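*Asks:* Build out the structure end to end from the sequences listed, making use of the hints.
Those protein sequences? They're chains A and B, same order as listed.
Residue 157 in full-length UniProt numbering is what sits at position 157 of the first sequence, and the numbering runs on without skipping anything.
Residue 191 in full-length UniProt numbering is what sits at position 191 of the second sequence, and the numbering runs on without skipping anything.
Since the hints were made in silico from the structure, they are not lab data.
Since we're looking at a predicted model, the values are computed, not measured.
Among the hints, a few may not be true.
What the hints assert, rightly or not - Residues from chain A shown here face chain B by an in silico Cβ test under 7 Å; the list is partial: (1) Arg-29; (2) Gln-32; (3) Val-89; (4) Arg-92.
Built from N, CA and C at the ideal position, the CB exists for glycine as well.
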Amino acid sequence: MTETIARAVPPIGLTLRSLLRADATVLLRSRQAAILNLAVPILILIVTNRGGKLGNPGFLIGMALTYGLLSSALIGYSITVARDREAGVFQRLRVTPTPTWAIMASRLAVQLVANLVVSVIVMIVGSIMHNTTFSFGVYLLMFVVSLLGAVVFLSIGQALVGLVKNATAVNAVGRVLFILLILTGVLGSTGILGDDFKSFASWTPVGALINLFSAVLNTSAWGADQTNGIIACIGYIVIFAGIGIRWFRWDPQ
Amino acid sequence: MNEAERPTVLEVQDLVVRYGQQTAVDGLSFSISRGEIFGLLGPNGAGKTTTLSVIEGLRKPDSGRVVIDGVETLHAPLAVKAKLGVQLQASSFQSELTIEQIARLYAGLYGLSLPQRQIRERLADVGLQQEITKPFKKLSGGQQQRFSLMVATIHNPSILLLDEPTAGLDPQSRRQLWDRIEGSRKRGGSILLTTHSMEEAQAVCDSVAIIDHGRLQAFGAPKDLVAMHRDDPRVQAVAHGDVTLEDVFIGLTGSAIRD
Ligand SMILES: Nc1ncnc2c1ncn2[C@@H]1O[C@H](COP(=O)(O)OP(=O)(O)OP(=O)(O)O)[C@@H](O)[C@H]1O
Ligand SMILES: [Mg+2]
Numbered sequence: 001m002t003e004t005i006a007r008a009v010p011p012i013g014l015t016l017r018s019l020l021r022a023d024a025t026v027l028l029r030s031r032q033a034a035i036l037n038l039a040v041p042i043l044i045l046i047v048t049n050r051g052g053k054l055g056n057p058g059f060l061i062g063m064a065l066t067y068g069l070l071s072s073a074l075i076g077y078s079i080t081v082a083r084d085r086e087a088g089v090f091q092r093l094r095v096t097p098t099p100t101w102a103i104m105a106s107r108l109a110v111q112l113v114a115n116l117v118v119s120v121i122v123m124i125v126g127s128i129m130h131n132t133t134f135s136f137g138v139y140l141l142m143f144v145v146s147l148l149g150a151v152v153f154l155s156i157g158q159a160l161v162g163l164v165k166n167a168t169a170v171n172a173v174g175r176v177l178f179i180l181l182i183l184t185g186v187l188g189s190t191g192i193l194g195d196d197f198k199s200f201a202s203w204t205p206v207g208a209l210i211n212l213f214s215a216v217l218n219t220s221a222w223g224a225d226q227t228n229g230i231i232a233c234i235g236y237i238v239i240f241a242g243i244g245i246r247w248f249r250w251d252p253q
Numbered sequence: 001m002n003e004a005e006r007p008t009v010l011e012v013q014d015l016v017v018r019y020g021q022q023t024a025v026d027g028l029s030f031s032i033s034r035g036e037i038f039g040l041l042g043p044n045g046a047g048k049t050t051t052l053s054v055i056e057g058l059r060k061p062d063s064g065r066v067v068i069d070g071v072e073t074l075h076a077p078l079a080v081k082a083k084l085g086v087q088l089q090a091s092s093f094q095s096e097l098t099i100e101q102i103a104r105l106y107a108g109l110y111g112l113s114l115p116q117r118q119i120r121e122r123l124a125d126v127g128l129q130q131e132i133t134k135p136f137k138k139l140s141g142g143q144q145q146r147f148s149l150m151v152a153t154i155h156n157p158s159i160l161l162l163d164e165p166t167a168g169l170d171p172q173s174r175r176q177l178w179d180r181i182e183g184s185r186k187r188g189g190s191i192l193l194t195t196h197s198m199e200e201a202q203a204v205c206d207s208v209a210i211i212d213h214g215r216l217q218a219f220g221a222p223k224d225l226v227a228m229h230r231d232d233p234r235v236q237a238v239a240h241g242d243v244t245l246e247d248v249f250i251g252l253t254g255s256a257i258r259d
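*Replies:* Below you can see the structure in the form of structure tokens.
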């Protein structure tokens, strides 16, 4: 008779462990990502600390945190995914018995953990520079807001690689989007551009997140802006994650 | 073993694949038995890689189906993929990882948690012990081919799908590749490969299919194909002396260069 070489699907635990280890190694080895995600927010803290009263410490630290989260999603995550897709890295992974959700989930999980580590470091550095101390509760809330922000921005990054296929185009569009979001969010939140623009900005992804961070870091300033911020964030996650999953294509071209 | 006794392990039935307006695979059918080395031959753009990508589960066919060990691939994609060892025509791995880390990743994805010592042994088997800390892109073309083949066979698959595995290999590596393929066959594995070397196909394949424009032109053992088409005027016109598989190939697919 025939002895069929029966081969079961590998256990999902081993699959996920293998993917997570590889994705974490990739992240640790890419020095450019480390610079963008950690050094720039710290630079922001240094510059704003010297420049006199640009805003209160909560706002400035919030801005640095937001910058780190946004750049790691739009310039780190999206570009790596688009590049790997174009190079055929995903095709090679997809011919193994690995569910496609696991390939994406592992990348996103590693990215989220890295984001949270960066957030904690930025917050510690920020509190030292601005001579403030934060309670454990504030750290915890900051952690939750960072997670929310990371998910918003990664959803936007996912939508970007869902709608744009070409890696060079993703790179260009990602950078333009990054600047637009930062400018509208940051300039709007400072109020330099007027009240109308300020209330518009509080609904943008970056503006909403800066508002949430400054409310958390200033402990008392919770208001309509913050409630709107949470509503906006959840809305953005639903819309952009939806687009990013619906239109994502694995194959090159 | 006699042909008729061997069970069929892979069956492609009436496969049609379109890219927009263009039909890349047009009603293709063939089958492969256990322990067989099967060559899928055809000029550039004939539809070989496209056919493989459907078998590998990378692309859904517009119609037709692929059955592996009696299971339609679309019904149990992961279980089917676990049986396949794949070397893509253009392989790519994460550029930040060393080949040792890549080997470990792929072992894990096929359900093996190999200790470092065994990973290194496998790399040494294909002569890459000096390169374990290099990323894939820094290997030479032939080293990349050897590494891809090592990854494809890391789990002793029962069906090996190789897209132009000998392209760019030196004679030593090519010989080693055939040893590995022979080894896989001895363990009961079947091999489906594409190649542009008709000499090679004639020497090692138990049977071949010649396709063009996504359609089957001829199918059978190389010597039977030669015997069958020896007197075809198109083959006669291109043959010099003894008719070879290459003469049959050019006779059936024409001598114009493909885009
Ligand atoms: N992703 C794609 N999008 C559009 N057309 C494609 C795509 N991939 C292949 N084709 C077209 O389908 C046809 C078959 O291509 P395929 O890659 O299957 O050929 P092949 O037999 O593997 O050729 P080669 O020997 O050059 O590797 C070609 O005409 C090719 O241009
Ligand atoms: Mg091909």
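*Asks:* So, for every hint listed, does it hold in this structure?
*Replies:* Hints, one by one, checked against the model:
Satisfaction of the interface hint for Arg-29 of chain A is found here, the shortest Cβ-Cβ separation to chain B being roughly 4 Å, below the 7 Å cut-off. At a threshold of 7 Å, the smallest CB-CB gap from Gln-32 of chain A to chain B is about 11 Å, leaving the interface hint violated. Look at Val-89 of chain A: its Cβ gets to within about 5 Å of chain B, closer than 7 Å, so that hint holds up. Interface restraint check for Arg-92 of chain A: the shortest CB-CB distance to chain B comes to about 6 Å, inside 7 Å, so the restraint holds.
Going through the hint list in order, the structure does not satisfy hint 2, though it satisfies all others.
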